[in-house]
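K.L.:
Given next are the chains, with one letter for each unit.
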Amino acid sequence: MDITAYFQSLTPLSLLNRLPAGIAQGLIWGIVALGVYITFRLLDIADLSVDGTFCTGGAVTVMLILAGWNPYAAVAVALLAGLIAGVVTGLLHTLLGIPAILAGILTQYALYSLNLAIMDMKANQAVSVDKFVLMLSSRYVTYSIIVGVVLVALIIAALYLYFGTEQGSAIRATGCNQQMAGANGININLMKVIGLALSNGIVALAGGVMTQFQGYADINMGRGAIVIGLAAVIIGEVIGEALFRKRMNFALRLTFVALGGVIYYIVVEIVLWLKLDTNFLKMLTAVIVAIFLAVPYLQKMSRSSFKKAGKNAQRAQDDGKEV
Amino acid sequence: MSEIMLEIKDVYKAFNPGTINEKIALDGVNLTLEKGDFVTVIGGNGAGKSTMLNAVAGVWPIDSGSIQIAGMNVTGLPAYKRASLIGRVFQDPMTGTAATMQIEENMALALRRGRSRSPFRPGVTHKERDRFREQLKILDLGLEDRLTAKVGLLSGGQRQALTLLMATLQTPRILLLDEHTAALDPKTAEKVLAATEKVVSKDHLTTLMITHNMKDAIAHGNRLVMMSEGRVILDIRGEEKAKLTVEDLLHKFSSVSGEEFASDKVLLS
Ligand SMILES: Nc1ncnc2c1ncn2[C@@H]1O[C@H](COP(=O)(O)OP(=O)(O)OP(=O)(O)O)[C@@H](O)[C@H]1O
Ligand SMILES: [Mg+2]
Numbered sequence: 001m002d003i004t005a006y007f008q009s010l011t012p013l014s015l016l017n018r019l020p021a022g023i024a025q026g027l028i029w030g031i032v033a034l035g036v037y038i039t040f041r042l043l044d045i046a047d048l049s050v051d052g053t054f055c056t057g058g059a060v061t062v063m064l065i066l067a068g069w070n071p072y073a074a075v076a077v078a079l080l081a082g083l084i085a086g087v088v089t090g091l092l093h094t095l096l097g098i099p100a101i102l103a104g105i106l107t108q109y110a111l112y113s114l115n116l117a118i119m120d121m122k123a124n125q126a127v128s129v130d131k132f133v134l135m136l137s138s139r140y141v142t143y144s145i146i147v148g149v150v151l152v153a154l155i156i157a158a159l160y161l162y163f164g165t166e167q168g169s170a171i172r173a174t175g176c177n178q179q180m181a182g183a184n185g186i187n188i189n190l191m192k193v194i195g196l197a198l199s200n201g202i203v204a205l206a207g208g209v210m211t212q213f214q215g216y217a218d219i220n221m222g223r224g225a226i227v228i229g230l231a232a233v234i235i236g237e238v239i240g241e242a243l244f245r246k247r248m249n250f251a252l253r254l255t256f257v258a259l260g261g262v263i264y265y266i267v268v269e270i271v272l273w274l275k276l277d278t279n280f281l282k283m284l285t286a287v288i289v290a291i292f293l294a295v296p297y298l299q300k301m302s303r304s305s306f307k308k309a310g311k312n313a314q315r316a317q318d319d320g321k322e323v
Numbered sequence: 324m325s326e327i328m329l330e331i332k333d334v335y336k337a338f339n340p341g342t343i344n345e346k347i348a349l350d351g352v353n354l355t356l357e358k359g360d361f362v363t364v365i366g367g368n369g370a371g372k373s374t375m376l377n378a379v380a381g382v383w384p385i386d387s388g389s390i391q392i393a394g395m396n397v398t399g400l401p402a403y404k405r406a407s408l409i410g411r412v413f414q415d416p417m418t419g420t421a422a423t424m425q426i427e428e429n430m431a432l433a434l435r436r437g438r439s440r441s442p443f444r445p446g447v448t449h450k451e452r453d454r455f456r457e458q459l460k461i462l463d464l465g466l467e468d469r470l471t472a473k474v475g476l477l478s479g480g481q482r483q484a485l486t487l488l489m490a491t492l493q494t495p496r497i498l499l500l501d502e503h504t505a506a507l508d509p510k511t512a513e514k515v516l517a518a519t520e521k522v523v524s525k526d527h528l529t530t531l532m533i534t535h536n537m538k539d540a541i542a543h544g545n546r547l548v549m550m551s552e553g554r555v556i557l558d559i560r561g562e563e564k565a566k567l568t569v570e571d572l573l574h575k576f577s578s579v580s581g582e583e584f585a586s587d588k589v590l591l592s
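Protein sequences, first through last, are from chains W and A. Position one of the first sequence corresponds to residue 1 (the working numbering), numbered consecutively onward. Position one of the second sequence corresponds to residue 324 (the working numbering), numbered consecutively onward.
Treat the hints with caution; some may be incorrect.
Claimed, not checked - Here are the simulated SDA-like pairs of lysine to any residue, each with C-alpha atoms no more than 20 Å apart in a straight line:
hint : chain 1 : residue 1 : chain 2 : residue 2
1    : A       : K473      : W       : C176
2    : A       : K473      : W       : E166
3    : A       : K404      : A       : G388
4    : A       : K450      : W       : L161
No wet-lab data here; the hints were simulated from the structure.
Could you put together the complete structure from these sequences and hints?
P.N.:
Structure (structure tokens):
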């Protein structure tokens, strides 16, 4: 392709036109990020069930709306379904001793069948904004952004309050130091189950919202949700810490985690605008997440490693010879 | 008649049973503490001291025997269900506190030891904060002005002192200290031991304190217990305990167990 023609085709206006939709989607992924944050950061568990529960939320919502339910009620049921899926993962882990990561994979795998069953054995179920009253829709982007912002704000407020309660503190203590939690009479297993349930409930809610926004639920809609969620968490935290450093409190942290989702989707829109092959988006995301996950470790290594110690020792020896 | 606070009766515990790594860590332990007893526990490496404390705390179930705390049979209860009766300080200063949480949050968690954790009640209240500030003053480490500081920022000694305070915020029936000054430098260890004396005598806490330092074992408490090969082999109390010297102790050990007190750690300290 002619390079000048390519650049001429990239009008800033077209980017500007697609940004709002990206922001709306990003807000919904920001909700996913808040769910992932609970397990990944507070409980110190990488929970892969969310790939399944995001779709469960969508499937439940689409079927209930098609059955004539109010969309808010439908999303509430989706949240409940997510909670239950989280409890299943939690019990597989705590009651049956299956490593958390495998427990999540098992739930996710089982949910594939279940999600399909919920959607009447169809891989795709549409819910048109023309026929139903929905919470939001990609057809009305500005309105959807407002709904998204309100939802994110409500969830952040709820999480902020919850993790300041006795139970919320107990969950944080469990994630931070199990021995300490146990010595203080905290039921560690129960806290893990509650945390996993909460996380998956929130992710399922996001799935229900996404379904309405895009106008359909799809059996593959949750694929990679954990990676995108992690990307959002990491991007949000890095930016938040750069801006606020030591003044980052819990409320700000949650806000930036949600904003991480928005920033991620703005990047996605830019990639689309640049007409880059979107097939490689997943790979790009994985690379970004891998880099950011590696940064703390590499930083530690740069401060102290065997290689460095060896070099220092060698240098000291060489200096000694010169004298 | 005095009240019995802790009764360890014929307790056996084997690790890795049925494998070549089988290790009988507790081989019929018997020990009874009366209310207000402050018992120091000594013994060589692998004697079963930590295992005995873990058995009381309920880290894992014991194989046979029974454990009663304040008249309550806790043998069948998991750790979190007996935590309301027990205060614990560990050897590693990192173990007893949650590093990413604030000092006041840690204390509030400890204050609720053994209670159900409600999703509706606040994690810390204003009233508690004032109380925490007062109690931190007792430690004399300047922590009372740093209630909202993350515990991860504190030194090992400060963390250990805080853990001690947390273990006693809600008066425990029994306080378990497992070499809680071993990881500290001598000066800090001294301070934490002094703080231990203070909190123990303030509430007349019934205490089990493991130490590798014979002098400390002699200087503190009203009873001294020696363990070897998963059993209590010596139990010195009263007058005898008060007059005890390190030489006495070494002599007693070799006559009871028929071996030299081999632990370098003990001899050096
Ligand atoms: N969780 C465990 N699994 C397997 N073996 C264990 C476990 N805990 C303790 N043991 C073994 O039980 C024996 C008693 O250990 P314990 O830790 O009670 O000794 P200790 O008296 O506290 O010694 P030290 O002075 O070294 O702390 C040791 O042989 C130890 O290796
Ligand atoms: Mg020990």
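K.L.:
Could you run down the list of hints and mark each one as holding or not?
P.N.:
Against the structure, the hints:
1. A hinted pair counts as satisfied when its Cα atoms are at most 20 Å apart, and K473 of chain A with C176 of chain W qualifies at roughly 12 Å.
2. Proximity of K473 of chain A to E166 of chain W is assessed by CA-CA distance (about 18 Å); at most 20 Å being required, the pair is judged to hold.
3. Distance check on the hinted pair: K404 of chain A and G388 of chain A sit about 19 Å apart at the alpha-carbon level, within 20 Å; holds.
4. Of the pairs offered as hints, the one joining K450 of chain A and L161 of chain W holds, with about 19 Å between alpha carbons and a cut-off of 20 Å not exceeded.
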